[in-house]
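> One-letter residues, chain by chain:
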Amino acid sequence: MPKAKSDAKNSEIAAGSPGEEDDFALRSLQQTHAEDRRYSASKEELLHFYEQMLLIRRFEEKAGQLYGLGLIGGFCHLYIGQEAVAVGLQSALKGGLDSVITGYRDHGHMLAYGIDPKVIMAELTGRHSGISKGKGGSMHMFSVEHKFFGGHGIVGAQVPLGAGLAFAHKYNEDGGVTLAYFGDGAANQGQVYESFNMASLWKLPIIFVVENNQYAMGTAVKRGSAETHFYRRGTAFRIPGMQVDGMDVLEVRKAAEIALEHVRGGNGPVLMELSTYRYRGHSMSDPAKYRSREEVQGVREKRDPIEHAKTELMEMGVSEASLKDIDKRVRATVAEAADFAENSPEPELSELYTDVLVERY
Amino acid sequence: MAIELKMPALSPTMEEGKLAKWLVKEGDEVSSGDILAEIETDKATMEFEAVDEGTLGKILVPEGTEGVKVGTVIAMIAGEGEDASALEAPKEPEPKVEAQQVKSDVVQEKPADGGSGQLASDARPKVRDPEVPHGTNMKTSTVREALRDAMAEEMRRDERVFVMGEEVAEYQGAYKVTQGLLEEFGPKRVIDTPITEYGFAGIGTGAAMGGLRPIVEFMTFNFAMQAIDHIINSAAKTNYMSGGQMRCPVVFRGPNGAAARVGAQHSQNYGPWYAHVPGLVVIAPYDASDAKGLLKAAIRCEDPVVFLENELVYGRNFELPELDDHVLPIGKARIMREGKDVTIVSYSIGVGIALEAAETLAGEGIDAEVLDLRTLRPLDKEAVLESLAKTNRVVVAEEGFPVCSIASEIATICMEEGFDNLDAPVLRVCNEDVPLPYAANLEKAALIDATRVVEAVKKVCYR
Chain A
1 MPKAKSDAKN SEIAAGSPGE EDDFALRSLQ QTHAEDRRYS ASKEELLHFY EQMLLIRRFE
61 EKAGQLYGLG LIGGFCHLYI GQEAVAVGLQ SALKGGLDSV ITGYRDHGHM LAYGIDPKVI
121 MAELTGRHSG ISKGKGGSMH MFSVEHKFFG GHGIVGAQVP LGAGLAFAHK YNEDGGVTLA
181 YFGDGAANQG QVYESFNMAS LWKLPIIFVV ENNQYAMGTA VKRGSAETHF YRRGTAFRIP
241 GMQVDGMDVL EVRKAAEIAL EHVRGGNGPV LMELSTYRYR GHSMSDPAKY RSREEVQGVR
301 EKRDPIEHAK TELMEMGVSE ASLKDIDKRV RATVAEAADF AENSPEPELS ELYTDVLVER
361 Y
Chain B
1 MAIELKMPAL SPTMEEGKLA KWLVKEGDEV SSGDILAEIE TDKATMEFEA VDEGTLGKIL
61 VPEGTEGVKV GTVIAMIAGE GEDASALEAP KEPEPKVEAQ QVKSDVVQEK PADGGSGQLA
121 SDARPKVRDP EVPHGTNMKT STVREALRDA MAEEMRRDER VFVMGEEVAE YQGAYKVTQG
181 LLEEFGPKRV IDTPITEYGF AGIGTGAAMG GLRPIVEFMT FNFAMQAIDH IINSAAKTNY
241 MSGGQMRCPV VFRGPNGAAA RVGAQHSQNY GPWYAHVPGL VVIAPYDASD AKGLLKAAIR
301 CEDPVVFLEN ELVYGRNFEL PELDDHVLPI GKARIMREGK DVTIVSYSIG VGIALEAAET
361 LAGEGIDAEV LDLRTLRPLD KEAVLESLAK TNRVVVAEEG FPVCSIASEI ATICMEEGFD
421 NLDAPVLRVC NEDVPLPYAA NLEKAALIDA TRVVEAVKKV CYR
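As they're listed, the protein sequences go chains A and B.
Heads up: the first sequence begins at 1 in the UniProt record's numbering, then just goes up one per residue.
Heads up: the second sequence begins at 1 in the UniProt record's numbering, then just goes up one per residue.
These are computed hints drawn from the structure, not numbers from a lab.
All figures in this text were calculated on a predicted structure; none of them were measured in a lab.
Watch out, some of these pointers could steer you wrong.
[What the hints assert, rightly or not] Cut-off 20 Å, straight-line C-alpha distance, at most; resulting in silico cross-link-like pairs (PhoX-like, lysine-lysine):
id: 1; chain 1: B; residue 1: Lys-188; chain 2: A; residue 2: Lys-289
id: 2; chain 1: A; residue 1: Lys-203; chain 2: B; residue 2: Lys-58
id: 3; chain 1: A; residue 1: Lys-310; chain 2: A; residue 2: Lys-43
id: 4; chain 1: B; residue 1: Lys-139; chain 2: B; residue 2: Lys-188
id: 5; chain 1: B; residue 1: Lys-18; chain 2: B; residue 2: Lys-69
id: 6; chain 1: B; residue 1: Lys-444; chain 2: B; residue 2: Lys-390
id: 7; chain 1: B; residue 1: Lys-43; chain 2: A; residue 2: Lys-289
id: 8; chain 1: B; residue 1: Lys-43; chain 2: B; residue 2: Lys-69
id: 9; chain 1: B; residue 1: Lys-18; chain 2: B; residue 2: Lys-43
id: 10; chain 1: A; residue 1: Lys-289; chain 2: B; residue 2: Lys-21
id: 11; chain 1: A; residue 1: Lys-310; chain 2: A; residue 2: Lys-324
id: 12; chain 1: B; residue 1: Lys-25; chain 2: B; residue 2: Lys-58
[To be verified] Far from chain A, by Cβ distances over 12 Å, these chain B residues were calculated:
id: 13; residue: Gly-71
id: 14; residue: Asn-137
id: 15; residue: Tyr-175
id: 16; residue: Cys-461
[Unchecked claim] Residues from chain B that face chain A, not an exhaustive set, calculated with beta carbons under 10 Å:
id: 17; residue: Trp-22
id: 18; residue: Thr-55
id: 19; residue: Ile-59
id: 20; residue: Thr-196
id: 21; residue: Gly-210
id: 22; residue: Leu-212
Using N, Cα and C, we set each Cβ at its ideal position, and we do this for glycine too.
So here's chain A without its partners, still in its complex pose (with noise of 0.2 Å):
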């Protein structure tokens, strides 16, 4: 073969994908992050941040009560252990412009995005005056008012529809962001790296959330995935990764920020990784068979973050006594959802038909 025709062959090569490595780096948002770790929060800002994660805990142990007493049926995922992460990312968000979507575990993000806990509860507990007026329940719950846009039943399903709220954000060019929330579980789901593949290729503003709590129902990460560093998992897409503390709340702020920053920029997705833990089972029902009590036990005593905001108000300043003022608060504002819960009725029977079909044929 002529060598000058192989040298053709070979800068046609060149200039194909290999050549395009300069511009993309996986690691690029993780070091801006480190160099930056945590948001520097004022008093006020992390007092907020700590009564809304305190919501979500006291809101969702309420939960788990009223389920053991009969009220709530079905399945029920409690997000008791993972506060932080949807407090510090959505607490990033502009409401009433950026979208929400998440999976079955979607309790603490509609708190997270100020949601009356009421009718959240109301859906727990399947009456007329729950969020969809009791037709959804644990699972399904949706505000579009709020750019809540679920709670969805399926493993993964979210990650392409919130991959389509993103395009529906570019399209009409309101600078718009949807963050997608989905478990370690989810981030082996096929149509998780369809979404990638598209995002990435058509430059979609949206930050894909992995809310990596350890566990996929009762297997561990390492039992069921082959790559376990799931930020790295956008790396065939061209897709940076971030890898997060989401136990701790000013750390996720400060990394929702820098990723924003970029998918705001028109410079297509990020993965987040968020390391999290979930205190207490998958569903309501768990045998919690598959750890030990001292794990669990362990992480609530090193890593809780509620436990670790609290303290860093303490050494601002923050007296006990406030902060038991904020917990009862919060714990009469849940008393308060579980009452209304409770005693609002149940949707008419006639309800069973509308809502089908918009239009009538």
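Following the hints, position chain B against chain A.
This is chain B only, laid out in the frame that chain A set:
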């Protein structure tokens, strides 16, 4: 105030369980999240966590007790400033909390039509096709052109409408249905996707939830099997699950049914599959006028629509009224040929076969009416029953498997609601109940044809 700890229900079906082990003892301080006890059910052992904080007072149910009913008070917790040792069991045993009771109270009163209300909604206005004004020019158009024109007109009318799918843009459509759209509307609105049906069906569905009007083209509906989860679980159910908050105005369209000589995996009619699902609108037109008028209606519709085309019909020519805005009503059947002796019900490519059979039958003195369902969900039950009342005999011609088919549904409707008008059993003429073979002779033997329809009609006419 003292808090009663009750035997929890740890699964939806649990009614009682064994209190296997106490992990705390009387007088212990407990705080929220502490594991208090292990409880065994028939399925598993589970941990029972504290929700409130306080001091554990009396343990009322000792460990090892079996058959503890859900809701039984098993221990007491003293709140702040209370003396835990002074706590006593509640005077009267708490009634068992019946998790299932709530459910059994709700005895559903079935609506009069046996629950098929969504097949054809009640109390709806009698909508028929709009009159074509006298003197309207009729032009000849293929179904392919009619579909393309429908999309182009709606894209001109509404900025939110876009089309996405495999090879819809630069290739001009695998079956040329999207020909010319890229040139007119550009790559923002005519989008080539990678070959990832599950993913792009989800993106289209999400975009509809986000306020756009996506048209998602499947190269064929056989490939939509990869995406059926989003069509059913995401698109069809969300409005209901959200109590009417979240709409999903997406159109999934593409060729459906058997093509020619492409074998089993590329030859299937999904009409009955989608028509089964509440929350979807399913349309399967036959001619160019219906293809155009109904696709335009589908794009404007607030509900998710599955729009089933047929590759073998794409190139056929039909008369089409030249109107500025040719929109037809969804959910309405159309009488393609009037007759008095027998009704042949069909849809999509089957309509052509039914019309051919009717021609043959006319030569033999049987006057057949041909009813094109056009929409499979909601099904125009009234039109079927009206025609049955007139002819007293029904044959269904369907290019698809016979079991659990649209034909089965039509037969049921006639039996349930038109029994007194039937002079003969309803007969189904469908494809053979086998995967579609490749060999030309076997394929021909597997698919419906006019001869079989004629035979069935003669049977119900006792001729």
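> Now tell me if each hint is right for this structure.
Structure-based check of each hint:
1. Restraint check for Lys-188(B) and Lys-289(A): not satisfied, since their Cα atoms lie roughly 51 Å apart, outside the 20 Å limit.
2. For the given pair, Lys-203(A) sits about 62 Å from Lys-58(B) by alpha-carbon distance, which is inconsistent with the 20 Å threshold.
3. Distance restraint check for Lys-310(A) and Lys-43(A): the Cα-Cα separation of roughly 11 Å lies within the 20 Å cut-off, and the hinted pair is therefore satisfied.
4. The hinted pair formed by Lys-139(B) and Lys-188(B) fails the criterion: a straight-line CA distance of about 32 Å is larger than 20 Å.
5. At roughly 9 Å between alpha-carbon atoms, Lys-18(B) and Lys-69(B) fall within 20 Å of each other, so this suggested pair holds.
6. A distance of roughly 34 Å separates the Cα atoms of Lys-444(B) and Lys-390(B); the hinted pair therefore is violated under the 20 Å criterion.
7. Restraint check: the Cα-Cα separation between Lys-43(B) and Lys-289(A) comes to about 12 Å, which is no more than 20 Å; the hinted pair holds.
8. Pair hint Lys-43(B) plus Lys-69(B) holds up; C-alpha atoms about 16 Å apart against a cutoff of 20 Å.
9. Only pairs whose Cα atoms come within 20 Å are accepted, and Lys-18(B) paired with Lys-43(B) is accepted, the gap being roughly 11 Å.
10. About 15 Å separates the Cα atoms of Lys-289(A) and Lys-21(B), which keeps this hinted pair within 20 Å; it holds.
11. Restraint check for Lys-310(A) and Lys-324(A): the C-alpha separation of about 11 Å stays at or below 20 Å, so the hint holds.
12. Proximity of Lys-25(B) to Lys-58(B) is assessed by CA-CA distance (about 9 Å); at most 20 Å being required, the pair is judged to hold.
13. The claim that Gly-71(B) lies off the interface is violated: its Cβ sits roughly 7 Å from the closest Cβ of chain A, which falls inside the 12 Å cut-off.
14. Non-interface status of Asn-137(B) relative to chain A is upheld: no Cβ of that chain comes within 12 Å, the nearest being about 29 Å off.
15. Here Tyr-175(B) stays apart from chain A, with its beta-carbon at least about 23 Å from theirs, past the 12 Å limit.
16. Non-interface status of Cys-461(B) relative to chain A is upheld: no Cβ of that chain comes within 12 Å, the nearest being about 33 Å off.
17. A distance limit of 10 Å between C-beta atoms decides the matter here; for Trp-22(B) the minimum to chain A is near 14 Å, and the interface restraint is violated.
18. For Thr-55(B), the interface hint is violated, since its Cβ never comes within 10 Å of a Cβ in chain A; the closest pair sits about 18 Å apart.
19. Given the 10 Å rule on beta carbons, the hint for Ile-59(B) is violated: about 18 Å separates it from the nearest Cβ of chain A.
20. For Thr-196(B), the interface hint holds, the least distance from its beta-carbon to any beta-carbon of chain A being 4 Å, beneath 10 Å.
21. Because the closest C-beta pair between Gly-210(B) and chain A is about 3 Å apart, less than 10 Å, the hint holds.
22. For the restraint placing Leu-212(B) at the interface with chain A, the shortest Cβ-Cβ distance is roughly 5 Å, inside the 10 Å limit, so the hint holds.
When each numbered hint is compared with the structure, violations occur for hints 1, 2, 4, 6, 13, 17, 18, 19.
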